[in-house]
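Whole structure, please, built from the sequences with the hints as guidance.
These are the residues of each chain, in order.
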Amino acid sequence: MARAAAPRSNPLVAAAFFLLVALAWEFGVRWFEVKPYLLPSLSAIATAFWDARGLLLEHGLVTLGEVLAGFIAAALLGVLLAAAIHVVPIARSTLYPMVIALQSIPKIGLAPLMVVWLGYGFGSKLVMAFLFAFFPIVIATLGGLAGVPSNLEEHFRALGASRWTMFRRLQVPAAMPNFMDGCKVAMPLAVIGAIVGEFVGSNNGLGNVILTATGSSQTALTFAALLAVTLLSLALFYVVELLSKFIWWRAI
Amino acid sequence: MGVAIRVENLTKYYGGPGGTKALEDVDIAIDDCEFISIIGPSGCGKSTLLRVLAGLHGFDTGSARMFDAPIDRPRDDVGVVFQTSNLLPWATVRKNLTLAVEIRHGQAAAAAADVAGMIDLLNLNGFEDKYPHELSGGMKHRVAIGQALMQNPRVLLMDEPFGALDALTRDRLNVELLRLWQRDRKTVVLITHSIAEAVLLSDRVLVLSERPGRLIANLRIDLPRPRDPSVTRDLPAFGDHVVELSRIMGVV
Numbered sequence: 001m002a003r004a005a006a007p008r009s010n011p012l013v014a015a016a017f018f019l020l021v022a023l024a025w026e027f028g029v030r031w032f033e034v035k036p037y038l039l040p041s042l043s044a045i046a047t048a049f050w051d052a053r054g055l056l057l058e059h060g061l062v063t064l065g066e067v068l069a070g071f072i073a074a075a076l077l078g079v080l081l082a083a084a085i086h087v088v089p090i091a092r093s094t095l096y097p098m099v100i101a102l103q104s105i106p107k108i109g110l111a112p113l114m115v116v117w118l119g120y121g122f123g124s125k126l127v128m129a130f131l132f133a134f135f136p137i138v139i140a141t142l143g144g145l146a147g148v149p150s151n152l153e154e155h156f157r158a159l160g161a162s163r164w165t166m167f168r169r170l171q172v173p174a175a176m177p178n179f180m181d182g183c184k185v186a187m188p189l190a191v192i193g194a195i196v197g198e199f200v201g202s203n204n205g206l207g208n209v210i211l212t213a214t215g216s217s218q219t220a221l222t223f224a225a226l227l228a229v230t231l232l233s234l235a236l237f238y239v240v241e242l243l244s245k246f247i248w249w250r251a252i
Numbered sequence: 001m002g003v004a005i006r007v008e009n010l011t012k013y014y015g016g017p018g019g020t021k022a023l024e025d026v027d028i029a030i031d032d033c034e035f036i037s038i039i040g041p042s043g044c045g046k047s048t049l050l051r052v053l054a055g056l057h058g059f060d061t062g063s064a065r066m067f068d069a070p071i072d073r074p075r076d077d078v079g080v081v082f083q084t085s086n087l088l089p090w091a092t093v094r095k096n097l098t099l100a101v102e103i104r105h106g107q108a109a110a111a112a113a114d115v116a117g118m119i120d121l122l123n124l125n126g127f128e129d130k131y132p133h134e135l136s137g138g139m140k141h142r143v144a145i146g147q148a149l150m151q152n153p154r155v156l157l158m159d160e161p162f163g164a165l166d167a168l169t170r171d172r173l174n175v176e177l178l179r180l181w182q183r184d185r186k187t188v189v190l191i192t193h194s195i196a197e198a199v200l201l202s203d204r205v206l207v208l209s210e211r212p213g214r215l216i217a218n219l220r221i222d223l224p225r226p227r228d229p230s231v232t233r234d235l236p237a238f239g240d241h242v243v244e245l246s247r248i249m250g251v252v
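If you're matching them up, the sequences are chains A and B in order.
Residue 184 in full-length UniProt numbering sits at position 184 of the first sequence, with consecutive numbering throughout.
Residue 10 in full-length UniProt numbering sits at position 10 of the second sequence, with consecutive numbering throughout.
Quick caveat, the hints were computed from the structure, so don't treat them as lab data.
All C-beta atoms, glycine included, are put in the ideal place defined by N, C-alpha and C.
Mixed in with the good hints there might be a few duds.
Unchecked claim - Looking from chain A toward chain B, a few residues come up when the C-beta cut is under 7 Å (computed): (1) Ala146; (2) Val148; (3) Ser150; (4) Leu152; (5) His155; (6) Ala158; (7) Gly160; (8) Thr165; (9) Pro173; (10) Trp249.
Claimed, not checked - Quick look at which bits of chain B chain A covers, simulated, 3 or more residues with Cβ under 8 Å: (11) 67-76; (12) 88-96; (13) 99-112.
Set out below in structure tokens:
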């Protein structure tokens, strides 16, 4: 497929700009004598990150587990629900409006309820990650299923394909790129969901680290934990991006 | 020679009786192994007629039979080639060639199909494992025709299969189509809006009127076979047929 070349960004310019911002932060904080509990210098954050690496890794793995479990559940159930809505007429008039309505609930507002229902442990975080990731995957997959080119559907009908064959050989592969797009949106949201869950009530995880560090005015550690969350989120996004390289086609 | 297709007093409305009349009292008899072209102005219902023959569309009154059985669903012994090549973007040329066989007769039949022979026949050597986006427009249409031929159909229905191609590619594919037909002698119904193409390829040309489509001419093309565009087009009879059809269609 021919794609128009995107305007290229110069990596050198980007690196120089990043460096400039970092230097402004580092020395701005010193010159203006900003209190460290308000905004620590970059070097203090880096030191805190290194000193707390064991802690961050331990809690990072907890958060990673919550995110992955929630995301995978969202991907599986999301695809199933989208398929059901697409294939079963009654589901389109019952489940679909329900999905739209539920999607409009601010998921953050559900976090305290999940803690009440599922406790302070893994379960409530999994569900929060799931709730954040689920709807983008359903909506994207539904879009993909609905967007199957009608000429291909007619072609399959002319070949006498059963509905199941049509679903398996045409609709599923045609919807895959949209599903992957949904996953790309959903993965960072799953991280947010898990962190929100940890904020509301938890004994561990990076959200818990952020909360306790902030509570004890260890702002450098707060930033270090934020950095860890960001790196985690980036790494997970990159994994999805890598997986989506296997789904290179667009059914146009 | 038996009769392959018999259409009698066929009338079809879009959206049922009361809607727009698409076809009116169409009577057609097509012999087994005959090459028929149907031409007419755009919107005359010729594509609709083909879809009726393919078992994709119903009709309101009259009858449509193929090999003495009513056409009420897509038949296993009919291959359809559409105006768009309708290849699966995620499947290789090889997989696209066997798609119709696989859907109609299963994986085992597809695995046993003579793909190499078809690749040879279509001059697609070296492209077996390419994907559709790596092919030119003409190649895609060759694969689409190949897919239909791999089913070894008794009847080949073609809906302006080369309509979207440039004149040069179209000529080449016409040559190939002639070559394939002269080898296999199937019953072919070709929808086209090109008078020259219809005369060059067909035993008989049927002309449909503007909507509602009625049969207004049935012209036998008595040009010698095997035909070759570079020779056949220079025959006086070729020009006579083209002029006659042009007059019928009101072009001159």
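Status of each hint after checking the structure:
no.	hint	verdict
1	Ala146	17 Å, violated
2	Val148	11 Å, violated
3	Ser150	10 Å, violated
4	Leu152	6 Å, holds
5	His155	4 Å, holds
6	Ala158	4 Å, holds
7	Gly160	4 Å, holds
8	Thr165	6 Å, holds
9	Pro173	5 Å, holds
10	Trp249	4 Å, holds
11	67-76	holds (count 4)
12	88-96	holds (count 3)
13	99-112	holds (count 4)
Violated hints for the displayed structure, listed by number in ascending order: 1, 2, 3.
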